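Asker: These protein sequence lines are chains W and S, in that order. Just so you know, we're using this note's numbering here: the first sequence kicks off at 407 and counts up by one. Just so you know, we're using this note's numbering here: the second sequence kicks off at 407 and counts up by one.
There may be inaccurate statements among the hints.
To be verified - The list that follows gives simulated cross-link-like pairs (lysine-lysine, DSS-like), each with its CA atoms no further than 25 Å apart:
1. LYS505/W <-> LYS476/W
2. LYS416/S <-> LYS593/W
3. LYS668/W <-> LYS741/W
4. LYS750/W <-> LYS786/S
5. LYS505/S <-> LYS593/W
6. LYS593/S <-> LYS416/W
7. LYS796/W <-> LYS416/S
8. LYS593/S <-> LYS750/W
9. LYS509/S <-> LYS786/W
10. LYS741/W <-> LYS724/W
11. LYS509/S <-> LYS750/W
12. LYS626/W <-> LYS626/S
Just so you know, these hints were derived from the structure itself, not from any lab. Being a predicted model, the structure only gives us computed values, none of them experimental.
There are 2 protein chains.
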Amino acid sequence: MITVNGNTLKEEFDLDAAKNSIGKEISVSATVHKVNDMGAFSFIHLRTARYVIQTVYDPQSCQGSAEGIKEGCFVSVTGIVREEERSKNGIELALTSIKLLHKPGYDYPLHVSKWKLGCSLDINLDNRGVALRNPAQRAVFKFQEGVVSAFRQFMLDNRFTEIHSPKIVAQGAEGGANIFRLEYFEKDAFLNQSPQFYKQAMVAVFDRVFEIAPVYRAEKHSTSRHLNEYIGLDFEMGFIDSMYDVMDMETAMLRYMMQYLKDNYAQEIKMLNADIPEIGEIPCIKFEDAVSLIKGSKAKNKFDLEPEDEVFLCDWAKKEYGTEFIFVTNFPSSKPPFYAMDDKEDPRTACKFDLLFRGLEITTGGQRIHDYEEQLEKMKRQGLDPDDFKCYLDSHKYGLPPHGGLGIGLERLVMKLLGLQNVREASLFPRDITRLLP
Amino acid sequence: MITVNGNTLKEEFDLDAAKNSIGKEISVSATVHKVNDMGAFSFIHLRTARYVIQTVYDPQSCQGSAEGIKEGCFVSVTGIVREEERSKNGIELALTSIKLLHKPGYDYPLHVSKWKLGCSLDINLDNRGVALRNPAQRAVFKFQEGVVSAFRQFMLDNRFTEIHSPKIVAQGAEGGANIFRLEYFEKDAFLNQSPQFYKQAMVAVFDRVFEIAPVYRAEKHSTSRHLNEYIGLDFEMGFIDSMYDVMDMETAMLRYMMQYLKDNYAQEIKMLNADIPEIGEIPCIKFEDAVSLIKGSKAKNKFDLEPEDEVFLCDWAKKEYGTEFIFVTNFPSSKPPFYAMDDKEDPRTACKFDLLFRGLEITTGGQRIHDYEEQLEKMKRQGLDPDDFKCYLDSHKYGLPPHGGLGIGLERLVMKLLGLQNVREASLFPRDITRLLP
Numbered sequence: 407m408i409t410v411n412g413n414t415l416k417e418e419f420d421l422d423a424a425k426n427s428i429g430k431e432i433s434v435s436a437t438v439h440k441v442n443d444m445g446a447f448s449f450i451h452l453r454t455a456r457y458v459i460q461t462v463y464d465p466q467s468c469q470g471s472a473e474g475i476k477e478g479c480f481v482s483v484t485g486i487v488r489e490e491e492r493s494k495n496g497i498e499l500a501l502t503s504i505k506l507l508h509k510p511g512y513d514y515p516l517h518v519s520k521w522k523l524g525c526s527l528d529i530n531l532d533n534r535g536v537a538l539r540n541p542a543q544r545a546v547f548k549f550q551e552g553v554v555s556a557f558r559q560f561m562l563d564n565r566f567t568e569i570h571s572p573k574i575v576a577q578g579a580e581g582g583a584n585i586f587r588l589e590y591f592e593k594d595a596f597l598n599q600s601p602q603f604y605k606q607a608m609v610a611v612f613d614r615v616f617e618i619a620p621v622y623r624a625e626k627h628s629t630s631r632h633l634n635e636y637i638g639l640d641f642e643m644g645f646i647d648s649m650y651d652v653m654d655m656e657t658a659m660l661r662y663m664m665q666y667l668k669d670n671y672a673q674e675i676k677m678l679n680a681d682i683p684e685i686g687e688i689p690c691i692k693f694e695d696a697v698s699l700i701k702g703s704k705a706k707n708k709f710d711l712e713p714e715d716e717v718f719l720c721d722w723a724k725k726e727y728g729t730e731f732i733f734v735t736n737f738p739s740s741k742p743p744f745y746a747m748d749d750k751e752d753p754r755t756a757c758k759f760d761l762l763f764r765g766l767e768i769t770t771g772g773q774r775i776h777d778y779e780e781q782l783e784k785m786k787r788q789g790l791d792p793d794d795f796k797c798y799l800d801s802h803k804y805g806l807p808p809h810g811g812l813g814i815g816l817e818r819l820v821m822k823l824l825g826l827q828n829v830r831e832a833s834l835f836p837r838d839i840t841r842l843l844p
Numbered sequence: 407m408i409t410v411n412g413n414t415l416k417e418e419f420d421l422d423a424a425k426n427s428i429g430k431e432i433s434v435s436a437t438v439h440k441v442n443d444m445g446a447f448s449f450i451h452l453r454t455a456r457y458v459i460q461t462v463y464d465p466q467s468c469q470g471s472a473e474g475i476k477e478g479c480f481v482s483v484t485g486i487v488r489e490e491e492r493s494k495n496g497i498e499l500a501l502t503s504i505k506l507l508h509k510p511g512y513d514y515p516l517h518v519s520k521w522k523l524g525c526s527l528d529i530n531l532d533n534r535g536v537a538l539r540n541p542a543q544r545a546v547f548k549f550q551e552g553v554v555s556a557f558r559q560f561m562l563d564n565r566f567t568e569i570h571s572p573k574i575v576a577q578g579a580e581g582g583a584n585i586f587r588l589e590y591f592e593k594d595a596f597l598n599q600s601p602q603f604y605k606q607a608m609v610a611v612f613d614r615v616f617e618i619a620p621v622y623r624a625e626k627h628s629t630s631r632h633l634n635e636y637i638g639l640d641f642e643m644g645f646i647d648s649m650y651d652v653m654d655m656e657t658a659m660l661r662y663m664m665q666y667l668k669d670n671y672a673q674e675i676k677m678l679n680a681d682i683p684e685i686g687e688i689p690c691i692k693f694e695d696a697v698s699l700i701k702g703s704k705a706k707n708k709f710d711l712e713p714e715d716e717v718f719l720c721d722w723a724k725k726e727y728g729t730e731f732i733f734v735t736n737f738p739s740s741k742p743p744f745y746a747m748d749d750k751e752d753p754r755t756a757c758k759f760d761l762l763f764r765g766l767e768i769t770t771g772g773q774r775i776h777d778y779e780e781q782l783e784k785m786k787r788q789g790l791d792p793d794d795f796k797c798y799l800d801s802h803k804y805g806l807p808p809h810g811g812l813g814i815g816l817e818r819l820v821m822k823l824l825g826l827q828n829v830r831e832a833s834l835f836p837r838d839i840t841r842l843l844p
């Protein structure tokens, strides 16, 4: 009988360990990134999970032949680690053995080993599985891993409980037309537009919860900042005094995140030439004041900010306060969402905020209504029938603490941190009105 | 102008900090779990995010009145921490002030403060937002958080990259009838049955990837072990020699997980009286041998294991090897999935495995086909048209390293670790053929 003991695991290449092994032989399994034939010897650049490693192949001193080994092949090598200033990582491997593991039948259709892919975004996305093999392309998603890890770690450190709420729902959290409909065993169902209802219910269970999960919006327009499926970084916290407790939590989280990224993803930051912001105090402006600040005809919409308004306000915050972030608060109360608590001091407005960063809204949040009667009333005022929300309202009926929370669009945050032009570049396999594949 | 600085955050109750504050005054905001009126004074039990804390309210020495404060109210208190052996946590608070934050209009419809809810699962699920306020009910999900955290941490420590793949897809990974159909801007789309295709594509990018995300199966039957939406713990790793490398990785991960749970979720383990298994070597049995081991008429299905077979094999492993885990390998090659590599030494069988634990399959995994031609051939042998899988096959065409991986059903694993009778008990808001709400 064979048994599995889990004691000796296959290891992935570790740059720090390699740097501590100068003069020693190490083994690496990797993808051939590029081969430079120098005549008597070759440089074979190997692509590991996170690095491109320079190796020197000299047929005289290497067991196994590199004959026919080219870009895209998969190999297993051993080599002596040498210091080498001219190599990108400061080391190179003098190969002592090379073994071909697999040679694909087709050459890459894109310039994977070039610094820039040099193709249109559409061609990139059509060939996504190959495009992502390019070191700069994949670095976006290694960096994204860091953004997610930092968010999660900060939440756990602050005693938020991680939850998983259903995405197939009987009704959307945001209502309206931008919702995907589903056949669910002959019943009508939808893909959730936000974990809002579940986060709120769970505040009564765990005081503080967070979720990292897909969110669905059937937006019919195709812009550089919308995805139809994106990852929401959501949290909700109980026992707050006001929405400013939520904004403070977000500010501290973002500060932690920027430091975490600098500490753990310096290579990707450097490779992508990303400008990681310093986060000091973040100014807050009321929607009404923001509108009167925005000159002339730009503030056409009296209920929400237009994309150009977001750019304007960020420019203004940069000039006035030297920061790339600005909170806009107190949106009109008559505007959705119906669960936003009205400001007791100015009931025409709701305790709702957006966070803008580098010209784009990356967060929507606020204090929610926790009182049952208050929630019924606001629903009716916005023309909604409370009977349609019976399950949701059970939380209010049996009690919710004063609470609030927010949702951050992961891809938008990554896009802005890395200075990408299109949010699709920050999604592994983006979904938009025309794109369902790959 | 108001600014937000994120320097002073609202804190959630910390038991260890409280225990280090004997004789000192601390503040707590929490839900009233239960009030025991003793005449001259009352015990007010407060439910924080993770604990139930005993407080003593004496109107003589407490600012603010507890008049009318009862189960389900939300309060903010200060109190002197005292050692108290008879309290569950070894401490109690002698209240110096109490303030009512919110009093819901309705009493709980369930016995939240009782040890057992004492209602049927249906009533529990119909009133989920209230049922989960019961300490034993919510402990399941605090424990589940630990299972997820352990999986993730082990993966990151072993240099797997966390990914987020789309759930709206043009075709399901598993095919067949158990797939949810979606209206996607006048196109046909589906909810993914597994991140399989994307994990494989990403092996060529990051060598090793993992994902924690919802998975959809339109199973038309209602059993105690099926959910229509569940959380998949998935990983895929490149540069393996055989499926045994994947099984070794899973074994080591599970061992890490059990230790992590004991270290960080001891309170929930104790509360739920959970039996956390020791994981030594795990025996592996080939499907064919398993079938001949299963006596009489039980092994009716010649292509897969029936639920009673899984129970039988686990009992057998327990008796023969003293372990609650058993791997079953080498399922018939003719059976899906089409991406399972055939065993070179026994091509009638595929390099596919299931992991059974306490009578239930909790994992399916295996080595996948990486060669383009081999994949085309197996698809055709299983009656599939490779033209239907063009995007998927691009990964093979342009090269994948030898690789394999697995998927674990989170709720099933939690169910078995905690000895729950129904997988719905391990899902916050379960979805089944009849249940779309709450």
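Asker: Provide an ascending list of the numbers of those earlier hints which the structure does not satisfy.
Answerer: 2, 3, 4, 5, 6, 7, 8, 10, 12
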